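Trainee: If you want the building blocks of each chain, they are given just below.
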Amino acid sequence: MTVLTIADQLSKAPGEKICIERMDGDTLVANVKGVDLVDAVRYLRDQMSARFMYSVGEDARQQNGCFDVNQVFSLDHDKTFVVLRTDLDPADANIPSSTSLFPAANWHEREVRDLIGIRPLGHPDPRRLVLPDDFPEDVYPLRHDFHYDEHPPIEVHKVELKTPPRGASLFPIGPFYPTLEEPVFINLFVEGEHIVGMDYRGFYAHRGIEKLGDSKLTYQQVPQIAERICGICGFVHSTTYCQAVEKAAGIEIPERARYIRTILLELERVHSHLLWLGLACHFIGFDTLFMQSWRIREPVMWLTEYITGNRKTYGINRIGGLTRDLPADAKERIFPVIDRIEQQVMQVVDAILQDGSLAARLQGSGILTLEDARDYCVIGPTARGSGLDIDARRDHPFAAYADLDFEVCVENGCDSWARTMVRIRELSEAIKLLHQALDKLPQGEIATSIDSIAPHNAGISAVEAPRGEVSHYVMTGTDQRPLRWRVRAPSYNNLQIIPVLLRGMTIADAPISIGSLDPCFSCTERMGVIDKVTGAVRIYTRDELLRMSQQKG
Amino acid sequence: MTNTLFNWCFKKSIWVYHVNAGSCNGCDIEILDVLTPYYDVERFGIRLVHTPRHADALLVTGPVTRQVRERLLRLYEATHDPKLVIAVGSCATCGGIWHDSYATLGGLSTVLPVNIYIPGCPPRPEAILYGVAEALGLVPKKVTEQVFVEA
Amino acid sequence: MFKHTISELKEALVCLEAGQVTLKYPFAPHATDVNFRGKVDVDFACCIGCGACANACPATLISVNDGDDGRTLFFELGRCTFCAACHDACPQKAIVLTSQFETATSNIADLQIRLILKLVHCRECGQVVNTQRAVDLVREQLGQDFGGLAWLDLCPDCRRKMALQDPDLMLEVVA
Amino acid sequence: MNWSQLFLSVFYTLIFPGFLFTAVIGLWITWVDRKITAVIQSRIGPPWYQPFADIGKLFGKKMLLPRDATGFVFAPILAVTGSTLAAVIVFHTLMNPTIGFVGDLIVLVYLLALPAIALIIGGASSRSPFGAIGAGREMSMVLAYEAGFLLSVVVVLIKVGSVRFTDIIAYQELHGPIALSVSGFIALLVALFCIQAKLGYLPFDISEAETELIGGPLAEYSGVGLALFKIARAMLSLVMPVFIVVLFMGAIQPTFVSFLGFLLKLLVVIILQIVVKATHARLRLDQALSLFWGQVAVVGAVGVVFAVLGW
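So the protein lines, in turn, are chains A, B, C and D.
Its first residue numbered 1, the first sequence is counted upward by one per residue in our numbering.
Its first residue numbered 1, the second sequence is counted upward by one per residue in our numbering.
Its first residue numbered 1, the third sequence is counted upward by one per residue in our numbering.
Its first residue numbered 1, the fourth sequence is counted upward by one per residue in our numbering.
No wet-lab data here; the hints were simulated from the structure.
This list has only true hints and no planted wrong ones.
Taking lysine to any residue pairs in the SDA-like style, the calculated list, with each CA pair at most 25 Å apart, reads:
1. 12/B / 36/D
2. 142/B / 99/C
3. 79/A / 398/A
4. 118/C / 149/B
5. 62/D / 137/B
6. 141/B / 74/C
7. 142/B / 23/C
8. 141/B / 44/C
9. 83/B / 65/D
10. 118/C / 156/C
11. 12/B / 224/D
12. 142/B / 97/C
13. 93/C / 72/C
It should be emphasised that the depicted structure is a prediction, and the values quoted were computed from it without experimental measurement.
My request is simple: use the sequences and hints to build the entire structure.
Mentor: Structure (structure tokens):
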């Protein structure tokens with residue numbers, strides 16, 4: 001279907017509640033009244049088989065006097081994004097919850113509540129999600145009257161943790177847990193070794209990136225902060241941001257820049273998947289394979305340092321293209337490295353496939369059925385390991401992927417092992433893509449010059465990161481910076497299925513099951529508690545600490 | 001005598017506990033990278049341990065978000081003396097790119113006494129090795145404050 | 001179960017094949033790639049104190065302050081993200097990217113750079129016009145074509161006032 | 001007993017071949033372990049003095065005790081005592097076969113189980129969920145692998161017909177190594193599996209599982225307590241292989257060649273354990289239990305039957 005036929009079908013939906021506002025390129029924006037929202041979402045889900053991506057809360061009081069909530073859906077088969085916009089009166093900012101239709105909307109609605117102050121009605125779990133525990137109520141950081149460097153006074157806001165069912169005891173994972181590189185707090189309820197329930201308190205890494213992006217930094221500075229949303233797939237984020245702005249402003253970037261972005265994205269996938277493979281082995285105590293796969297990975301880091309000047313945060317993405325060209329001998333240097341990686345990976349994979357103890361740990365752990373995968377709108381290798389055939393590189397083509405030939409790797413095993421296999425196959429696909437892209441690399445400019453960016457245009461862009469589809473929503477603003485910038489990382493949706501994954505598993509399965517999602521909390525969080533310490537816990541005040549440090553010195 | 005012996009042992013056997021105080025993962029991955037074959041930090045007796053109880057050094061990354069502050073203090077307390085606090089990355093050093101955001105506290109020194117800062121975004125594994133070696137007094141410091149005044 | 005053990009011993013052999021790869025660092029220096037972006041340094045002789053770097057820096061680590069002793073450019077390199085935006089923005093190529101990465105220190109002040117540049121004050125009202133070096137640079141570049149350049153040490157306001165009084169000068173300013 | 005005898009037995013227990021000797025060699029074996037692991041992982045690994053520096057540092061650290069710390073303090077001492085006594089009995093009998101007493105083999109089997117029991121006590125009294133779950137896991141594991149271990153020891157008892165350590169050595173002097181018989185070989189395999197678990201090596205480090213239970217029973221230990229547990233573990237990593245070699249792999253005579261052969265066999269056993277440790281993923285508790293109660297126990301029982309049949 002083309003965007004036109006989709007628009008036609010939507011406007012003829014029962015009750016004619018969906019009012020098409022705008023169509024540009026692959027994005028269709030429709031306006032829906034708050035009362036009709038749930039019906040519209042149901043229509044999209046049932047009749048158009050839409051996939052819920054995320055919702056964006058916007059403080060549009062200066063433009064139209066309203067708070068806006070944009071729910072973004074993807075029609076994967078039609079290569080189209082559908083945005084349902086709802087205008088809300090600031091005095092009565094409530095929106096009906098769509099969690100009954102898409103469980104994935106759970107966190108999105110809570111985030112909009114925390115950051116903008118739009119309450120979801122009928123939400124099953126309306127606890128605080130994003131903001132720190134000591135953040136006051138009624139202060140909403142993403143409203144435009146909140147200044148980015150305000151530090152509201154400490155006001156203890158107790159986030160009630162769920163209590164375990166009778167007979168079960170608590171097993172805390174986190175906030176600092178060896179297998180999770182990042183702070184997150186998962187409270188498992190266990191009976192002996194068996195997990196009977198869990199509670200989650202994340203967002204320890206909430207750094208307020210979106211706020212900085214739309215109030216402090218300029219258009220060309222945001223790629224730098226976007227790259228630091230995640231240290232592993234940073235280039236994905238800066239590319240997604242740049243593409244979203246380029247879409248909103250109608251900028252065409254040179255062919256060569258598209259190809260170089262593709263090359264860097266695929267290099268990132270290679271190192272990220274190797275990294276994950278190593279970590280997954282580390283989770284189950286197999287440190288030798290951890291060391292070996294990181295050894296194989298290291299040349300990629302040297303390669304990116306040679307291409308871009310930095311090992312991880314490349315810092316070469318700009319709106320309109322790139323700031324650095326590939327070095328002249330890039331092809332000659334990249335090919336031997338990736339070929340050697342492929343050869344070594346195959347060796348390791350051979351070993352893994354014959355290896356009983358690895359299969360014993362991975363097979364049957366962290367089961368995610370196709371139905372659950374679809375309902376919870378998971379993405380990336382997590383979805384593809386459960387037989388859900390989605391990939392933003394094919395469904396929403398970007399960079400140079402439309403010109404390249406690759407296979408979307410799908411496995412039907414639905415467990416951690418299937419997700420491992422998806423990633424291993426993607427590794428060789430990535431190397432194939434790198435070969436193609438470098439062979440076809442056109443000559444020419446690497447950036448177009450940009451005059452000015454017109455305000456109040458929305459751009460949505462999706463990029464397939466190693467962990468799944470990253471999507472950014474940018475609403476262009478007036479003072480050389482976005483008015484609203486929303487980042488949706490793949491782990492945001494994927495993390496919400498942890499309770500499903502751990503159903504019926506044992507404690508020993510928990511790290512690898514969670515790990516098999518390749519969770520990235522810093523991406524997700526951009527932005528009560530079990531006492532591990534025996535004996536009394538004292539909280540130092542700043543003065544006490546200063547005194548202590550002086551004594552030490 | 002005993003003291004010299006303990007000091008020698010301490011310097012030859014630093015067990016580090018890695019704390020992510022809201023970092024982007026970049027530094028964390030580089031810290032792990034330091035363990036892996038090309039950099040092999042075990043040469044210096046440095047090991048990554050998984051509980052603060054066993055740790056001699058806290059390797060903290062990230063700008064210290066508001067939510068993480070309290071837990072960080074508890075971890076500091078759970079680590080027994082003698083201990084080192086090492087700030088890894090530009091975020092932990094001075095707050096990084098989000099030093100003035102509402103959700104961060106702008107660097108580790110606002111919360112804990114820091115023994116050594118290893119700036120970098122992320123610091124390369126070599127830089128982390130160098131920093132830890134510097135904290136142990138094995139290698140010299142290579143940077144100093146620069147002040148230029150026009151004559 | 002014994003079959004698995006044997007396949008895993010084979011795995012050990014596969015691993016041994018790679019041999020020992022550990023680098024000599026820190027006992028031998030590790031050369032960085034030519035493109036590597038390390039610690040930022042300032043070539044003070046070139047800096048004219050225009051502040052373009054401060055505007056470009058995403059981490060806002062460069063602050064520009066005018067005081068009694070001149071214009072102070074303060075670099076808080078502790079939070080540098082090594083993006084080279086300042087380097088790209090600098091019109092004088094005064095910002096140098098070194099390959100230095102061994103920057104660990106126990107004192108944050110070691111990561112600071114402070115530049116103090118002389119200022120030119122408006123001869124009429126005493127407002128800050130620009131740094132001495134910036135004014136000199138303009139004079140040097142335009143000097144041959146525009147005779148006296150008497151307006152160079154005036155602030156924009158006074159320049160405008162002056163221009164109204166003196167049409168010749170106006171022509172010069174417009175040009 | 002006169003003073004010189006008392007002095008001698010204290011010397012035997014604390015210095016040689018008891019605590020100090022075994023601890024030093026055992027710690028050095030942990031270095032061998034880390035070095036071999038490093039080689040398999042393509043890196044250099046720690047310097048030779050690493051384990052000693054670790055222990056020295058741990059002794060220099062401050063240690064905080066939880067409230068009601070009796071069990072918590074008692075456990076590491078128990079662990080070290082158990083392994084010290086086991087070391088004394090094994091080495092002393094080897095040096096001077098005449099001093100063995102009836103039933104010393106049984107005593108040894110019990111002593112070798114003490115460190116694991118100490119771990120359970122320490123974990124349970126550490127008041128942390130990780131310690132508690134680790135202690136629980138260790139408890140299930142102890143039952144499972146001790147059963148297999150006992151079966152393999154029983155094979156030796158049946159073949160030799162005595163519970164004296166000295167008699168086993170004498171038997172192998174006459175009839176050759178026990179491992180060369182069918183039942184003896186089966187028992188050796190079973191014993192190797194079991195000591196892998198007794199030493200808490202992968203794939204059976206289930207109770208400590210650093211990436212799941214952040215050290216399990218050891219999670220709350222620091223300083224001296226942790227050092228004692230490490231020492232006890234290190235001593236066991238010498239005593240266990242020696243025990244296996246003596247039990248199954250032939251006699252040891254007071255000649256240089258025989259001693260060299262003994263060292264060689266010991267090294268093979270230790271290196272085999274380390275390589276297996278470096279190339280395995282950790283099993284889940286239920287998988288390990290079904291392995292021990294299933295395959296290992298069945299194979300062990302078959303060994304016993306064969307031994308009874310005289311094979």
